[in-house]
Amino acid sequence: MDASVHTALPDGVEPAELLARNVRLGARVWAASVGFFFVAFFFAFLYLRALDTNGLWRGWPHHHPTPSMGFGVAILVCVLASAAVARAAAMLEPTRRRVGAIAALLLSLAAVALQCAQFSSLGFGPTDAGYASVFVGWTGLFALFLLGTAYWLATVVADVSGDGASPAFQAAAIEAVSFVLIVLAGIEIAAFILLYLVV
Amino acid sequence: MTTAASAQIPRHGIRIVLIWLVLTAIAAPLIVFVLGPHLPPGNMTSEAGSQRDANVLLTALLVPIALLVVTFFVYSFVVFRNRTGGIVDGPPLFGDAGVQLLWIVLTGAIVLALAVWGSYTLIVSSHGAGGGQGPSPVDQPKGHEHALPVQVIAQQWEWTFRYPTYGGFESRDLAIPDNTLVAFHVTSLDITHSFWAYELGVKADAVPGVDDIAYVNARHTGFFQIRCAELCGLWHAHMAKKGRVLSLPAFQAWIKAAKQKNAVVQKYLAPYSDVYFPAPLRRAG
Amino acid sequence: MSATAIPVVRRPVWRRLIGFNMLTGLVLGIAGWFLGAWVGGQIAVGHDYLLGTDQNDVGAFVGYLFAVIGWLVGLGFANYPIGRLLGRPPTLRHHELGGWTRYFRLCTDHKVVGIQYLFGVGIFFFIGGLNAMLMRTELLRPIEKAWPSGQYLTLVGLHGTMMIMMTSAFILGPFGNYFVPLMIGARRMAFPRVEALTFWLTPAAGLILMSAIAFGGLPFGWTGYAPLAVEGRGGVDAYVTAFILIAISLTLVGLNLLVTIVTMRAPGMTWTRLPIFVWGVLATSVLMALAAPVLVATMTMVLMDRAANTSYFLASAGGSPYLYENLFWFFGHPEVYILALPGFGIVLEILPVFTRKPLWGYRLAVAGMVGVMLLSFMVWQHHLFVSGMNAGLRPFYMLTTELISIPTGFIFLNAMGTLWRAQIRFTVPMLFALAFFFNFLIGGLSGVFLSDVPSDVTTHGSYFVMAHFHYTIMGGLVFAFFGAVYYWLPKMLGVVLNETLAKIHFWLMFVFFNLTFMPLFAAGFLGMPRRVSAYAPHLQVLNDFVSVSAFVLGFSMLVFLANLVWSLVFARIPAAENPWASRGLEWQVPTPVPVENFERIPVIRSGPYEYGVPNAPAVADFTPAALPAAGS
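Residue numbers (the working numbering), protein chains in the order written: chain V, 17 to 215; chain L, 20 to 304; chain F, 701 to 1332.
Isolated chain V, as found in the complex:
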């Protein structure tokens, strides 16, 4: 533990090393919370599909509607690329973090924009039985979480650009946000497999 921990600091902020540890661990707990949030949708998909109540999911001719694969792949690519770029930025030397963080931010926002575009030309609505419900809920809330993470990335960009935060905290913050993005990417892979590939 750093010696500075032992005395009060004038601006009421804990030492940078402690803040860095907090944000790293906080991101991991948050990622676990987000994971459990989407477990509910994961479960809903498998459960409703297995029950197939009133024959509205699997049974012929009530086969569930299909969203456009092109948008699905594009969103998946954007999310995966955003996570990868953020992770790379966390490993880069401090001077080049900014470019990586901005790129990751733009990719996340692109994924959200693509999701909105897909919704506007979906061809079915939330009222079209179980699959449609899970699809709209899962992808919509995923986009919302991605938007929130994009805000976090934006603060990282602001940190890296300005001189408000210490280098140790900057490094920890971008590492933390990249961890959350990787978990979100994992959720997006699961979503893609279930919502687009499983019939």
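No wet-lab data here; the hints were simulated from the structure. We put the CB at the ideal spot given by N, CA and C, even for glycine. Fair warning: there could be bad hints in the mix.
A few chain F positions that, by computed beta-carbon distances, are all more than 10 Å from chain V [as the list claims (entries may be wrong)]:
#: 1; residue: W714
#: 2; residue: A731
#: 3; residue: G776
#: 4; residue: Q1240
#: 5; residue: P1279
#: 6; residue: W1280
#: 7; residue: P1292
Quick look at which bits of chain L chain F covers, simulated, 3 or more residues with Cβ under 8 Å [what the hints assert, rightly or not]:
#: 8; stretch: 99 to 105
#: 9; stretch: 207 to 220
Given chain V, put chains L and F in place with the hints provided.
Structure of chains L and F alone, referenced to chain V:
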């Protein structure tokens, strides 16, 4: 001081155990022989009987456990209280591996025995104990293929009953024959209810889109209470009815009369089916 | 402290009312509700499914969303996120200084948040209790006389939901926030702004839940089973929104406390020296961080079923009510232990102080809490034994449910070992802690009936269940809460509570709690279903007895309130810094506790329970001369 105190340890322990044994010796027979026969839900059906047996056995097992803990606590309050009025430190005991191990082994043994016994009674001796088992029951009593099916249809806020072996007619009254295995097929038209026939020892949730099956075999004739055990909105408390267990000839006569009485509504009914899907439910204005 | 170096500007009261505070939050919240209801109404116009209904759920939800945003902006929660985007350096100083007005605005001092929680959650606890009194009034008679059944059900729903929402943070909110940093030797929580947010979401959730009264009430108790929730009237929108808010708050409370305990322990505060209360908080916060998000997701699905006309839970449209029951209880059972575990922590924290002995079997207690935490995720279908789902899995859930009694039993062994050959002082906190064990014993053992499937077929959905969980939650958690109140209030508020009134409160509450809920086991056994406004006439004597006992139980709470007001406002006898002669680190700091708790981060020298140990070192070194090397 330490030697004097350690000499007292076995005495405290033995005293507590003796007090507990006396209390248990008084309580256990009272529970089994005096309270036991009155424990719910009675003995009208074999399923109700098995539930009552479970309740008696659990009470007889758990009351002594409670007595042990309470005896220990009360004994401690009396014997180990601070008599000086000042602040005096007790002996620095941090734990005892042997006692802890013994406790873990004992509680573990009780818990495993309970789980094994519970599973045995559920699966082998009581065949589901009158609980709803869903559309494909796993704990089926002997001769279940020949059970008399009775469909229980819940809706806000009324029970109706259909008898598929007698043309699927629908009745607002429930009667079942005694000494006959009956399979209740519980379903709902709108939201989740729960079919609770108290004296029969039957409880099965009525879930829309689900055919929830519960078996029951009545031992003697009589009345039983029907309640809704899952909150279902405004008149939940009033989804109550009386059902009847009849002798077989009386049941046949009742069927004939009920069929005739309800014949006028037959043509308005949906054809008999395991589950019903009315138009999607939306808010009631 | 350096805190005093910053000048505090004294301004007139009327000037202090303007700015980011509760008043502004209320004004913007109400304005937001009207704006949101209008915007939502405009969004929904023209959609088919609104035809034939007289309510617009889109408008209701957007109204609540804007109201919450307005409330938070008015409190000043938007300032920091916007400042961060502009690259401003973070500071907490202006959120921690100030006089009494700190209690009515965003304050990042964990002690202020703790007291805000104590009073905020306390107010809702008393509202929930009042609902219970009104329910018992109705149950004096076997048919509806006092309230029509719709209003009765709304009372049931508000009582259950209010109590579950508020008691989830009943101990972690006030005492977790106030004492965890003090007990582990930290200056504050890991995320102080998040900490403030978790509190300020709570009154928003409580007020929104109460708005259900104005929009048609709740027909479904606290569980909100889904097809009923989808068809329910506008009050359901309030229930859904309030539950989402409180679940977000709980997730963040868990995250914050978890990170604080892991990263911010003082040097020398090893895992084996951690006070047992902090272990209880740690186990609870894991449950909160993992289970509460599932509730957010579940409630979001209900929201979508209501507002966007999806069909997660509508069987005829391809959904399933079972989905709701599974998801709800996957949250709901860990939630039960979110309520129980802090209580374990409190009573085991109080016992060593008043027995003057070390906590007997510390590691076993930790193992018990962690064991309960892990097992609690594997038992949820025991709520659904007669639902008709997965009948083949019932023996498995029977086993896991009964297994939970092993780690719970550890806590009893800890208590018995600690009482063994002790020097027991029967102070008020000790009385509450000991009553906890009696009540929880009954609650726990009655749970065995419910875990055994044949017995559960009788008791499921009856008053037996209701008596069981009131024994664990009210008899367990609420008794532990009052134990904590009497134990820690001298440190939190700096005044001594009147002991005679406290003892009257205890004995009334203990006796009449048992007289209220013990007969309800019998009512359940005799066939009385839960949540009914009317019951079989032969149960009237039993119910009247329970109602009268419940009124006295309610009266005992008024004794507590009178004591609190008397001691805090009129008597104001200053409390000693360590009135119980406790070894806990939180008792070694001055009263009132300074803003950053410790002038220097202390170095912990010995465990908190080493009573009677010859030559035990002082619990901590508060003026470490030589700073320990990095990494210690």
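We went through each hint and held it up to the structure:
no. : hint       : verdict
1   : W714       : holds, 28 Å
2   : A731       : holds, 24 Å
3   : G776       : holds, 16 Å
4   : Q1240      : holds, 42 Å
5   : P1279      : holds, 28 Å
6   : W1280      : holds, 28 Å
7   : P1292      : holds, 17 Å
8   : 99 to 105  : holds (count 4)
9   : 207 to 220 : holds (count 7)
Violated hints: none; the structure is consistent with every hint.
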